[in-house]
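Q: One line per chain: the protein sequences are A and B, in this order. Under our numbering, the first residue of the first sequence carries the number 44, and numbering increases by one thereafter. Under our numbering, the first residue of the second sequence carries the number 290, and numbering increases by one thereafter.
These aren't lab readings, by the way, just hints derived from the structure by calculation. Careful: at least some of the hints might be erroneous.
[What the hints assert, rightly or not] Residues from chain A that face chain B, not an exhaustive set, calculated with beta carbons under 8 Å:
1. G88
2. F102
3. L232
4. L236
5. M266
6. L273
7. A305
Cβ atoms here follow ideal geometry from the backbone N, Cα and C, with glycine treated the same way.
Here's the letter readout for the chains.
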Amino acid sequence: MGFYWSFVTVLTLLAITAPLSLTFGFGGAMAARSRIAPLSWVGKGYIAIVRGVPDIAFFLFFVIALDQGLEYLRHHAMCPDWPDAIRQGNDFIVCQDAKLPQGNAPQWVHEIYGFSLAVFTFAIVFGAFAANVLYGAMRAVPKAQLETAEAYGMSRRQTFWRIVVPQMWVYALPGLGNLWMVLIKATPLLFLLGVEDVVYWARELGATKTPRFTDYPHGDWRMYYFLALLVFYLAFTRVSEIVLDRLMRRLTKGQATSGGEAQRRAAT
Amino acid sequence: MEDCLQTISQYAFRSIGFGERLLPRSDYTLCQQFTLIGSGMIWNIYFGTVALLAGFFLATAVALGKASNTRIIRKLSEWFIFLFRGSPLFIQFFFAYFFFLSLKGQYAFFDPFTAAWLGALIVLFLNTSAYTGEIFYGALQSIPKGDTEAADAYGLSGWSRFRRVIWPTMLRLAWPAYTNEAIFLFHSTTLVFFTGFPAWQQRGDALYYANFFADKTFNPFVPYPILAFYFIVLTLVIIALMGRIGRRLNSHLPQDAKRPRARFLPQIIR
Numbered sequence: 044m045g046f047y048w049s050f051v052t053v054l055t056l057l058a059i060t061a062p063l064s065l066t067f068g069f070g071g072a073m074a075a076r077s078r079i080a081p082l083s084w085v086g087k088g089y090i091a092i093v094r095g096v097p098d099i100a101f102f103l104f105f106v107i108a109l110d111q112g113l114e115y116l117r118h119h120a121m122c123p124d125w126p127d128a129i130r131q132g133n134d135f136i137v138c139q140d141a142k143l144p145q146g147n148a149p150q151w152v153h154e155i156y157g158f159s160l161a162v163f164t165f166a167i168v169f170g171a172f173a174a175n176v177l178y179g180a181m182r183a184v185p186k187a188q189l190e191t192a193e194a195y196g197m198s199r200r201q202t203f204w205r206i207v208v209p210q211m212w213v214y215a216l217p218g219l220g221n222l223w224m225v226l227i228k229a230t231p232l233l234f235l236l237g238v239e240d241v242v243y244w245a246r247e248l249g250a251t252k253t254p255r256f257t258d259y260p261h262g263d264w265r266m267y268y269f270l271a272l273l274v275f276y277l278a279f280t281r282v283s284e285i286v287l288d289r290l291m292r293r294l295t296k297g298q299a300t301s302g303g304e305a306q307r308r309a310a311t
Numbered sequence: 290m291e292d293c294l295q296t297i298s299q300y301a302f303r304s305i306g307f308g309e310r311l312l313p314r315s316d317y318t319l320c321q322q323f324t325l326i327g328s329g330m331i332w333n334i335y336f337g338t339v340a341l342l343a344g345f346f347l348a349t350a351v352a353l354g355k356a357s358n359t360r361i362i363r364k365l366s367e368w369f370i371f372l373f374r375g376s377p378l379f380i381q382f383f384f385a386y387f388f389f390l391s392l393k394g395q396y397a398f399f400d401p402f403t404a405a406w407l408g409a410l411i412v413l414f415l416n417t418s419a420y421t422g423e424i425f426y427g428a429l430q431s432i433p434k435g436d437t438e439a440a441d442a443y444g445l446s447g448w449s450r451f452r453r454v455i456w457p458t459m460l461r462l463a464w465p466a467y468t469n470e471a472i473f474l475f476h477s478t479t480l481v482f483f484t485g486f487p488a489w490q491q492r493g494d495a496l497y498y499a500n501f502f503a504d505k506t507f508n509p510f511v512p513y514p515i516l517a518f519y520f521i522v523l524t525l526v527i528i529a530l531m532g533r534i535g536r537r538l539n540s541h542l543p544q545d546a547k548r549p550r551a552r553f554l555p556q557i558i559r
């Protein structure tokens with residue numbers, strides 16, 4: 044049963060992470076094109092660092108770092124008169140109340156907590172990629188459009204929300220679509236974050252079973268389990284590809300891009 | 290300082306089996322972390338470089354195959370690209386490892402394939418060939434018509450037409466995207482030791498050691514930034530090297546004209 048549920052886990056992760064990382068990306072892109080210098084440094088630094096380092100390193104890093112950061116903050120808020128240092132040599136010790144999740148919490152709380160850490164980590168990493176795509180898309184909006192907006196007396200903020208944001212999606216979509224594919228292909232890394240996902244179950248169930256421990260003894264089937272996963276992901280990416288293709292055709296309709304132009308010619 | 294030099298001499302080549310056998314056990318110093326993670330980078334560079342160089346040739350073949358007029362060759366190349374681009378590299382590693390493992394049970398010949406240095410290399414090689422093949426195919430499609438017509442007019446045909454006109458133009462057009470692919474390939478080499486492939490005698494790559502230290506000290510804020518530092522340096526080196534080759538490929542063009550520079554192309558990240 045766990046094996047089938049883990050597919051739901053993966054799909055849930057995708058469903059939550061995609062909008063969340065888009066939000067992060069939007070924030071990052073807005074920061075990067077800000078006129079306030081420190082803010083734009085933060086935005087650009089965020090994009091550059093996350094892109095320059097392997098994403099898997101980030102996954103491993105953020106899960107511990109977020110956990111420790113939260114516990115550190117709670118520790119300071121809840122036990123102000125704790126005598127010892129938090130970091131003692133190779134240990135990280137906070138008071139009992141600050142532990143996350145609480146030691147006596149039921150199992151599902153632990154699972155949800157681990158899962159949300161994973162979602163947040165994914166959102167941070169893919170937010171940077173999305174920020175890069177959106178940043179490029181915002182700059183791809185034709186200059187003439189912005190100048191026209193200025194001529195109509197719109198302020199910078201109005202121009203951004205009324206002209207740039209509605210028009211940028213068609214430029215952003217190829218990049219975002221690709222990002223979606225990358226996101227799908229990154230989901231098996233959940234396994235490394237300690238979530239019991241498809242890879243975990245494939246390894247568990249596929250391993251050699253002896254008749255002593257189970258009613259269904261079998262040899263080493265892990266190869267077939269992973270073959271099944273391979274096919275699952277192939278089908279998933281193929282379906283996404285087709286859907287994105289359709290969406291792209293829908294969005295280019297009537298736009299001043301070469302794609303839109305080709306559509307117009309084909310119609311007449 | 291003295292200590293650090295000694296640590297470097299002990300652990301600089303630890304990841305390929307030279308020097309001190311035992312990893313440090315307690316009192317992890319900054320120097321030890323820097324040295325061991327740097328030592329692990331040897332593996333990342335090995336996997337990335339060999340896969341990239343070997344993959345270059347297969348990618349050219351795949352791109353030509355996808356553009357071929359023969360139906361069977363075209364379908365084969367398309368399926369190859371789809372198979373490796375459509376599924377996660379992580380799953381590919383797992384599958385390949387267990388596949389080689391079961392082959393090994395039957396034929397002793399497959400013994401080295403379950404070790405990371407060969408098995409993982411094959412997966413990376415095929416994977417990068419597929420991604421690069423797609424990039425090259427795209428470039429092949431956008432070769433200016435005038436170039437091939439000029440080649441025809443000069444009486445070039447077959448191999449010499451390909452070698453002198455089509456291939457250099459294809460590379461020139463594909464180069465920015467190919468640089469991107471190279472960077473991401475080096476990033477994905479960190480996955481190797483987190484899949485089935487065992488790190489024999491604790492000889493792992495950079496991320497393996499970074500993870501080792503993070504587990505032992507329960508402090509992620511030191512080893513991972515070190516790893517990040519190494520990878521950012523590596524990325525800059527790749528961009529510089531590829532930029533050099535790119536300049537050479539473009540050297541016949543007017544230099545002040547806007548050349549495609551090695552920049553991030555959102556459509557082609559993997």
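Q: Is the interface hint satisfied for A305 of chain A? The criterion is a beta-carbon contact with chain B at less than 8 Å.
A: The hint is violated - A305 of chain A has no Cβ within 8 Å of chain B, the shortest such distance being about 15 Å.
Q: Hey, does the L232 of chain A contact hint survive, CB to chain B under 8 Å?
A: The hint holds - L232 of chain A has a Cβ within 8 Å of chain B, the shortest such distance being about 6 Å.
Q: The hint names M266 of chain A as touching chain B; please verify it with the least Cβ-Cβ distance against 8 Å.
A: holds, 4 Å
Q: Is the shortest C-beta separation between L273 of chain A and chain B less than 8 Å?
A: Nearest chain B Cβ about 5 Å off; hint holds.
Q: Mind checking the CB of F102 of chain A against every CB in chain B and telling me if the closest is under 8 Å?
A: violated, 10 Å
Q: Holds or violated: the hint that L236 of chain A contacts chain B, with Cβ atoms closer than 8 Å.
A: violated, 11 Å
Q: Close enough to count: is the Cβ of G88 of chain A nearer than 8 Å to one in chain B?
A: Since the shortest Cβ distance to chain B is 12 Å, the answer is violated.
Checked against the numbered hints above, the structure violates hints 1, 2, 4 and 7; every other hint is satisfied.
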